Structure formats: C-alpha cells, structure tokens
Amino acid sequence: MDRHITVPFDDRTAGELRSGDYVYLTGTIYTARDAAHKRMYEALNKGEKLPFEMKGNVIYYMGPSPAREGRPVGSAGPTTASRMDKYTPALLDLGIKGMIGKGKRSEAVVEAIVRNGAVYFAAVGGAGALLSKSIESSEIIAYDDLGTEAIRKLKVRDFPVIVVIDSQGNNLYETAVSQYREEE
Amino acid sequence: MRTIRVDDVTAAIKEMCIEANHCLTQDMEWALCRAREAERSPVGRQVLGQLEDNLRIAARENIPICQDTGMAVIFMEVGQELHIEGGSLTAAVNEGVRQGYREGYLRKSVVGDPIVRENTRDNTPAVIHYDIVPGDQLKITVAPKGFGSENMSRIFMLKPADGIEGVRDAVLAAVKEAGPNACPPMVVGVGIGGTFEKCALLAKMALTRPADQRSEVSWVQELEKELLEKINRSGIGPGGLGGTNTALAVNINTFPTHIAGLPVAVNICCHVNRHCVRAL
Chain A
1 MDRHITVPFD DRTAGELRSG DYVYLTGTIY TARDAAHKRM YEALNKGEKL
51 PFEMKGNVIY YMGPSPAREG RPVGSAGPTT ASRMDKYTPA LLDLGIKGMI
101 GKGKRSEAVV EAIVRNGAVY FAAVGGAGAL LSKSIESSEI IAYDDLGTEA
151 IRKLKVRDFP VIVVIDSQGN NLYETAVSQY REEE
Chain B
1 MRTIRVDDVT AAIKEMCIEA NHCLTQDMEW ALCRAREAER SPVGRQVLGQ
51 LEDNLRIAAR ENIPICQDTG MAVIFMEVGQ ELHIEGGSLT AAVNEGVRQG
101 YREGYLRKSV VGDPIVRENT RDNTPAVIHY DIVPGDQLKI TVAPKGFGSE
151 NMSRIFMLKP ADGIEGVRDA VLAAVKEAGP NACPPMVVGV GIGGTFEKCA
201 LLAKMALTRP ADQRSEVSWV QELEKELLEK INRSGIGPGG LGGTNTALAV
251 NINTFPTHIA GLPVAVNICC HVNRHCVRAL
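Just so you know, the protein sequences line up as chains A and B, in that order. Take the first sequence: its position 48, counting from 1, is numbered 48 in this note's numbering, and each next residue is one higher. Take the second sequence: its position 263, counting from 1, is numbered 263 in this note's numbering, and each next residue is one higher.
Bound-form chain B, shown alone (with noise of 0.2 Å):
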C-alpha cells in the first residue's frame, strides 16, 4: 500500500490556491481569444480585450485575476489503496488553504456563520467534496468560487414531463437572469439528474472540465452546442454591455435518476472559471 503524508497534501493545496488564483488554465485563455475574435460589438470587443490585458498583468505583476478570490471548493479524489498518514486530512486541506490565500495575498472572503456573519480571516473553511476511487493516487482538485456567478445560479426540480425542452427552458432562464451580474462571458455548468444535491454537485463538476472539451454523450454534446448557441444570441455580451459572446462553454453532466423527477442545476461561472489539477 502506497503511503503520503498530510503536510504533502497542505504543501499542494496551499500552492494550488495560489496558482489557480493567477493563472487561468490554457483552454481559458484560448476561449478567451476565440471570443474577441468573433464578438461584433465594438463594446464587447474592448471588454474582452481589457480580459485578456487583465490576464497578462496578473501572470507578469502576482496580482489576482479577481479581487474575488473565492470560496476554496475542493475535489479530492482519494485512490481506495492510499495510506494518509500524519493526522486529518480534512485538516491539512483546510491547513493548505489558510497557508494558501496568507502568503498568496489572496482575499478571506468567508465568513463563519452566514446570519453572524463573522470573517474567519484566513478563507477557512474550504467546501471539499471526497470521492473514493481505485488506485493508489490522491487527484485534487481546487476551484476557487467567486460569489458573483454563485449568486446567480439556479437548481430547479423539474418533472419528467418538462423533458428536455424543460432543461432548456430552465438553463436559458437561469443565464437570462444572470446578465451582467455573473460577468459574462460565462461558462455555464449544468447537472441533469440524480437528487437535488447530486446534481448541484454535477454542476459544478461540470465546470472544471476544459472549455473545449465536450460530452461524450451525443445527446448531451447535441444539447451543450444548442445552448452555446442560443445563450451567445441573448444579446447579453461581454461585461452585459451587449454583444455576441454572453458564454465561452456549456458544460453538461447527467446521472441516472427517480421515475418522478428531472432536476436540473445551473451553476454559473464568470470567464474567471479558475481550477488548478494534481495529481500526489
């Protein structure tokens, strides 16, 4: 049985939060381009050019992409044959990220109780989310979560009679609502199926997966190209200031679910979709 030590993990985390506040990964930055590109709107092009100059300041001068640095969300896949020795790995990941957002310069945006509303100084705790898988490696994920996309989005417990028309209707909708609050462009995540919390889950999920990379469900591919296209005809526009490039992707993940339900969530996130990957 393979062995690691907790302060590995800290050591991870703590660098992961730093990096992903920094640099946006390439299918990002990419995705960004394409969009200045294409946009017709004077307006929008400036936006997303200012994005892109943005982008280049916070790489070259160590400034935060967003003075949003967010809630630390963290997946952490854990190999069913790795030993996790030294103490709480729970610990040692939130250890990571106080360390993380201290010497990054990072903003503590979290408070400890949502009606008390106390800030715990060090943007602790994380919201990690544990899955059990095989092998022996420990796959973390950390996806710092900006609030002004969090705010906007949206679960609905759709019936199984609203099908997929339902689904669309209610991304649509979601993404309508949204505007300029969620600073668009947007890259949408979507879960299809499961419980009310799975497919939260699904959804956010959904958007660490790369920008470019679609299902490989044809249904599903089917349905992300569509709303792609139909968000992108909303008018929104970058920074909501009009145009024709309101998302960079819609990202889609289902799972089975009841005979009685089709629950959809939309999780929105704004063009700084930040997610940082390693493996230990």
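The shape of chain A in the complex, shown without the other chains (with noise of 0.2 Å):
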C-alpha cells in the first residue's frame, strides 16, 4: 500500500504502517551515521544533552556527497543500519519513531522497535542520485567536525521508502525473501 506521510510522525501514525507498504515522507528528518551515533551514545552515559529531540523523530544513516554549488547536498543514499544497531536500542527508548537505512537489523533493535512502537524503514541502497531529488534543503546542526558524519538536519519532500520492520515485529526481508526462495 502507498502512504504519504509528514514527519515526525506520532504512535498512531507508526503503529497503522506495515511492512511492505511503500512510504513517502515529507517533513524535517535527521541523518547520522557511525560516529554521530557513537558520540550520541557517549553524550547520553555522560548525562549530556543530545544535539536534537528523540521524541517522535526519524533518523536517516546517510552521509552524503558534497553538494555542489546551487544544490542542498549531493549523492544522498542510506548506509548499511546493523553498524548502529549497538546504539540503537537506547536512542529508540528515548522516542525515536522512525530509522532510514539499508540491510537487517539485531534481534536487540526488533525487540526495541517492538517494544517502543517504532518503524525501520529501507530506502535503495546504492540510489543516491534518485534520492537527492527528494531532499529540499540540508543543514548541519551538530559535529561539524566529523564532515560527511556530521548530524544534519533535512527537509524531505516525499522521499520514497518501503516499510522493513514494522511496530509489529513483522520483517519483510525475511517474508518476501522466503517467497522466492528456491532451495534444493
């Protein structure tokens, strides 16, 4: 099913999508990948505050190509999601609604979508060209140092993902997966 959706979004907009349907999401997301999420981590065993609110946000794993001059960012795909799945499960009971990336997820993280009502969503790996038509604008709000690792604030406009594991726990690399597999 196809559903357009504004981010973030809340519970109940979370809890209605299942896996499979295919997403497109307009509003402001987040990207952050191995060493934002690392410092992120650091930040909360320290006590300190995060560079932008959890509660009801989507997290895109991406970063970028550089932008060239006119344009809001440059190549802009997902990245593989398992790398943060370490820093995930605490980032999500803090209020994380949605995440953005690309192959499986740990049983800890399922467990802690499940738990929080939360989706992960896949968009192409390996579609950066395509997908940096749907980012409108890009601004780095925290860990400028970290150049394409910095956390950047985008504004999406119906940016096409597909729905992986949904509040449910059901899993669509595992159910379409098994509907074409052939094994002797």
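Because the hints were derived from the structure by calculation, they are not lab data. Please note: incorrect hints may appear among the correct ones.
Distance ranges between label pairs, derived from CB positions [unchecked claim]:
{"id": "1", "chain 1": "A", "residue 1": "114", "chain 2": "B", "residue 2": "210", "range": "55 to 63 Å"}
{"id": "2", "chain 1": "A", "residue 1": "178", "chain 2": "B", "residue 2": "222", "range": "38 to 46 Å"}
{"id": "3", "chain 1": "B", "residue 1": "177", "chain 2": "A", "residue 2": "48", "range": "54 to 62 Å"}
{"id": "4", "chain 1": "A", "residue 1": "1", "chain 2": "B", "residue 2": "90", "range": "53 to 61 Å"}
{"id": "5", "chain 1": "B", "residue 1": "59", "chain 2": "A", "residue 2": "178", "range": "30 to 38 Å"}
{"id": "6", "chain 1": "B", "residue 1": "121", "chain 2": "A", "residue 2": "72", "range": "19 to 27 Å"}
{"id": "7", "chain 1": "A", "residue 1": "24", "chain 2": "B", "residue 2": "91", "range": "46 to 54 Å"}
{"id": "8", "chain 1": "A", "residue 1": "69", "chain 2": "B", "residue 2": "210", "range": "50 to 58 Å"}
{"id": "9", "chain 1": "B", "residue 1": "258", "chain 2": "A", "residue 2": "49", "range": "56 to 64 Å"}
{"id": "10", "chain 1": "A", "residue 1": "24", "chain 2": "B", "residue 2": "133", "range": "51 to 59 Å"}
For clarity, every value in this text was computed on a predicted model and none was experimentally measured. Beta carbons: idealized from backbone N, C-alpha and C, even for Gly.
Taking the hints as your guide, dock the two standalone chains into a single complex.
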C-alpha cells in the first residue's frame, strides 16, 4: 500500500504502517551514521543533552557526498543500518519513531522497535542520485568536525522508502525473501 | 625507451575517479536492464527501475551514482620498458585521487588510522596494486570500492578435500550472509587458489571483468554459471526485498596453490560496480 506521511510522526501513524508499505515522507528528518551515533551514545552516558529531540523523530543513516554550488546536497543514499545496532535501542527508548537505512537489524533492535512502537524503513541502497532529488534542504546542526558524518537536518519531500520492520515486528527481509527462495 | 611524466598520471587518475563515480560501464548498464526485464517480483522490478533512473540522473545532473564514492582501489600495470619521470609514481597517483575527489565533489571516506579514525579529508591514500608487465605502456584501472559490500566480503582457507563443493558452499554462504546489506543485485568476485593475500587480490580483480564476459577455463565458466543461478534462486532479490535477481554476475579468477591448501576469497560488490580503464 502507498502512503504519504509527514515527519515527525506520532505513535498512531507508526502503528498503522505495515511491513511492505511504500511510504513517501515529507517534513524534517535527521542524518546520523557511525561516528555521530558513537558521539551521541557517549553524550547520553555522560548525562549530556543530545543535539536534537529524539521524540517522534526519524534518523536517516546517511553521509552525503559534497553538494555542488546551488544544490542542497550531493548524492544521498542510505548506509548499512546494522553498524548502528549497538546504539539504536537506547535512542528508540528515548522516543525515536523511525529509522531509514538498508540491511538487517539485530534482535535487540527489533525488540526495541516493538517495545517502542517504532518503524524501520529501507531506502534503495546505491540510489543516492535519485534520492537526493527528494531532499530540499540540508543544514549541519552538530558535530561539524565529522565532515560527511556530521548530523544534518534535512527537509524532505515525498522521500521514497519501504517499511521493512513494522511496530509489530514483521520483517519484510524475511517474508519477501522466503517467497522467492527456491532451494534444493 | 618510452618516457611519460608523473603529471600525466595524476591528470588521468583525477579524471578517472570522477568518471567512475558518475557513469557505469556499458556492460553493467545492460546487466541491470536485463535483470529488470527478467525480474519476477513487482517490488524487485520497481527497485531495478529506480536504479536505472538513478544512473540517468547521475549522468545527466553530475551527481555521484552512490554517496559512498569509495576507497580508491587502483591497479597499475607498468610496462617494463616504460620510464616514468618527474617524481614519485605513488605520490602522483595519490595526488590524482586527491584532486579527483575534491574537484569532482566526491565523498571523502578514508580515515588515516583504523582505530583513531580521523578523516584524511581528501580520500587518500588510495590502495594501489602494481604489476610489472611486458611492453612500454601504463595501464591504469581505477575501481572505487564502497564498503557496504566490502564489509560483507569473506576469505575461507579451505582444505584440498573440501573440493569444488566446498568452494560452492563458501560463495553461497557469503552471499546469503551479505543479503540486503550489500545492495543487491550484486557482482560477486571470487578468487580461488594462491595464498591468503593472493586469493583476495584475485577476487578484487575479478570485479573489474565485464559482467557479460565468462572465464576462459571451462570448469570455471561452468561454476560461474551454476553459482549465478543458485544465487538468483536464494530469493534475496533487488534491494534484498525479495526477488529472482540477487546477482548480476559471478566472476571467478584462479591461480596455482599449495598442495595443502584451497584458499577462496569472495569479494562482494554492489550494483554500483565501478571501474574505469585507461592506457597511457
């Protein structure tokens, strides 16, 4: 099913999304990948404030290529989500409602998704030029020294993703693959 | 003896880094198109269609195909009758990478130390493989490698008794484990034989072979075809979202090995299998 939703979104919207839904996101999302996650995790452990509000927000695992003059961003596709697994349950428990990445998640992340009624979306890996067309603006809001790994606030319009793991723990990577598997 | 200058090497490498990150070779474009036509899953067809659109947008609007513009892997086949003057060849190669990644708006994805992890901010150093060959030319292959798929690559030190079945199982196990992480449909580079490091290099070089060119060794050719079929029956599909096109090609290189060993390396590449070749 095709759905257009605005981000950030609430518990009800997250609860309605189902594994396999095509979703077009419009609104504000935040980028963070390996180094930014490590830094946020360390800040949390020291009791420091995080650079953006977790509640209701969506994190995009992405580090863009540099923007050419007059453009908001360069190539901007998802990176592999599992590298963030170590840090993700803590962020979900603080209210993150959605994550955009590619690839499998750990059991602990799936449990935290279900516990918090959140959603894991996949964007098409390796389609960074195409995906950049749905990003209207990009602003570094924290960890500037990390270069491509800095935290960016993105305004997106109809950013195309697919629900992989929904709030009930259904996992498209498992269901869809078994549908086409022909093993001897 | 023919002479070239290191400045010409720098200029070529710079252009090749930019070109490889914006345009795939024709064989890769055809392979994606054939996959879309053959794909049975509707979601899979949609993903493959998006990948073709992505290539068109990248070329037309000068945006890198993928934001992970890779660590620059460079093969240098240096003719033994060629004289290269004007400074260090390795420094010239790295200067080409530095200029290409800066002027081509490519992402700087290299950290100077694997534990300290500070970005070098110019994507150097490149990983350079030199080979001395007959002749008086310099053949350069620039193959930027993304790490979503690099992280899913594996080396297996099999034993002679494991045989071809062992090789088959090793490749399939690596691909299955890679699944959606490696941005399928992937190209699977396999090295069989040599030593620990030689088989890894064979696998890396196999990725630079055109997707539609099979091995000239008959048993290797059979194995390439068989593995491609088996991988495409795994169900992983485009984007890992289910389907009948998980790999576009399986390219295998072999080399003599030791009486006690059967090393196998599986270097997985995503559908953005970039390489650019030039002779100077």
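Evaluated hints:
For the pair residue 114 (chain A) and residue 210 (chain B), the beta carbons lie near 46 Å from each other, so the given range of 55 to 63 Å is not met. Our hint of 38 to 46 Å for residue 178 (chain A) and residue 222 (chain B) is violated, since their Cβ atoms are close to 29 Å apart. Look at residue 177 (chain B) against residue 48 (chain A): about 37 Å separates their beta carbons, and that is not inside 54 to 62 Å. The hinted window of 53 to 61 Å between residue 1 (chain A) and residue 90 (chain B) holds, with their beta carbons roughly 55 Å apart.
Range check, residue 59 (chain B) to residue 178 (chain A): Cβ separation about 36 Å, and the 30 to 38 Å hint holds. Between residue 121 (chain B) and residue 72 (chain A) the CB atoms are about 22 Å apart, so this pair conforms to the stated range of 19 to 27 Å. For the pair residue 24 (chain A) and residue 91 (chain B), the supplied restraint of 46 to 54 Å holds, since their beta-carbon distance comes to about 48 Å. As the Cβ distance of residue 69 (chain A) to residue 210 (chain B) is approximately 36 Å, the hint placing it in 50 to 58 Å is violated.
Between residue 258 (chain B) and residue 49 (chain A) the C-beta distance comes to about 58 Å, which sits within the given range of 56 to 64 Å. Take residue 24 (chain A) and residue 133 (chain B): their Cβ atoms lie about 52 Å apart, and the range 51 to 59 Å holds.
The structure is inconsistent with the numbered hints 1, 2, 3, 8, although it conforms to all the rest.
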